[in-house]
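If you use our numbering, the sequence shown corresponds to residues 58 to 373, in order.
Don't take each hint at face value.
[Unchecked claim] Computed cross-link-like contacts, SDA-like style, restricted to lysine to any residue with a CA-CA straight-line distance of at most 25 Å:
id : residue 1 : residue 2
1  : 246       : 229
2  : 111       : 145
3  : 268       : 199
4  : 303       : 346
5  : 303       : 287
6  : 332       : 343
7  : 268       : 215
8  : 332       : 346
9  : 303       : 317
10 : 220       : 318
By construction, these hints were calculated from the structure, which means they are not laboratory data.
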Amino acid sequence: MPAAKKNGLVQFAEMFDYVPSGYLFLQRDGAIHEINHAGTHFLGRSRTELIGRKLGEFITMNSRPAFDAFLEQVFGNCAKTTCEVEIESEYSHSFHVHAEAVSDQSGQTCLVSLADITERVRIENALRESEERFRMIAESVSDLIAVLDTEGRRLYNSPSYRKIFGPEELEEGSSSFNEIHPEDRERIKAIFHQTVETGIGERSEFRFQLKNGSVRYIESQGNVVHDTAGNVSKVVVVSRDVTERKKIEEKLRHLSNHDVLTGLPNRILFQDRLKQAIAATRRDRSRKLALMYLDLDGFKAVNDTSGHAAGDLLLK
58 MPAAKKNGLV QFAEMFDYVP SGYLFLQRDG AIHEINHAGT HFLGRSRTEL IGRKLGEFIT
118 MNSRPAFDAF LEQVFGNCAK TTCEVEIESE YSHSFHVHAE AVSDQSGQTC LVSLADITER
178 VRIENALRES EERFRMIAES VSDLIAVLDT EGRRLYNSPS YRKIFGPEEL EEGSSSFNEI
238 HPEDRERIKA IFHQTVETGI GERSEFRFQL KNGSVRYIES QGNVVHDTAG NVSKVVVVSR
298 DVTERKKIEE KLRHLSNHDV LTGLPNRILF QDRLKQAIAA TRRDRSRKLA LMYLDLDGFK
358 AVNDTSGHAA GDLLLK
C-alpha cells in the first residue's frame, strides 16, 4: 500500500477515534463492528468488550420499539434516519441520546452518530410538567387566565371564560382584542404592546362587549414569559370579572351625590355643579349665571298633621 494512502487511513482512524461525538459502525443485525473513543464512553465499556455486541442490548425497554424501527428504516432505504432513545450505560445510569445513521451502498453496515441530549430532555420534561401544573391550576380557579403570543393572539383560555362567553369556544389563534368594547380597545392594545416591549405588566380595567349587547367589566394584569434567549415569547394575562363590584361602586357613587328619598341631586352635588358654573362664567364674561332658590312653606305642618309618610310623598 502506498505510504501516502496508508498515512491517510491512519489520520482518518485517529480523527474517527478522537472526535467528541460518539460514532460506531453497526452491522445489519445491530452488532457493533467498530466504535470510537467517545462511543465507548457512552456505553461504559472498552472497544474490545463492545465489538460484536449488539447496540440494542444497551437500549432501555421503553426505547426498544423506536430503536428497532430505526434500524429497519436505515437498512431498508439507505437514507439518513434519526431517532431519540434512552441508553442504559454500564456506568449504572441511563441517559438520552439523539441517534443519526446512514447505511453504506451495500446495505450491510451503517454509520451511527450519538449525541447526548439528556439535559435537553430533562428541560423538556420539566417544561411539560410545569405546563401540566399550570393547566391544572388554570382550569380549577375562577379567575380568567389567558396565554397570548406577542401580537395578542390566543394560545390558551381557561374554562372560566365560559362563564362570560358561554359554551362557545374562543378560537385559538384569534385576536384577544376582538371582544373588548370598541371604546376601550385601542387603550388596551397600547398597554399590551407596552408590556411586551418593557416586560412590565400593568393593571388595567376595560369592558367586554358580548354578542347579546351586554357589557362585563374586567380587571386584568399581564405578565411576560421569556424564552431561553431571554426574549419575550408569551404574555400570561390573569383577569377577573368585576361587573358586580362596578355596579356597587356606581350605586355608592350615586347615593353619595343624590337624595335617597327623591333621587334628586343632593347638596354635595349641587355645590360641585355650582362651583363649576361660577368658574365657567368667570372664564367667559359673555356668559350669564342665574341661581334660583325655592322654599316649601308650611312643610312642618304637613309632617305634624298628616305624618312623615305624607311629608315624604309631598317632597317627592
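Structure-inconsistent hints, enumerated in ascending order
4, 5 and 10
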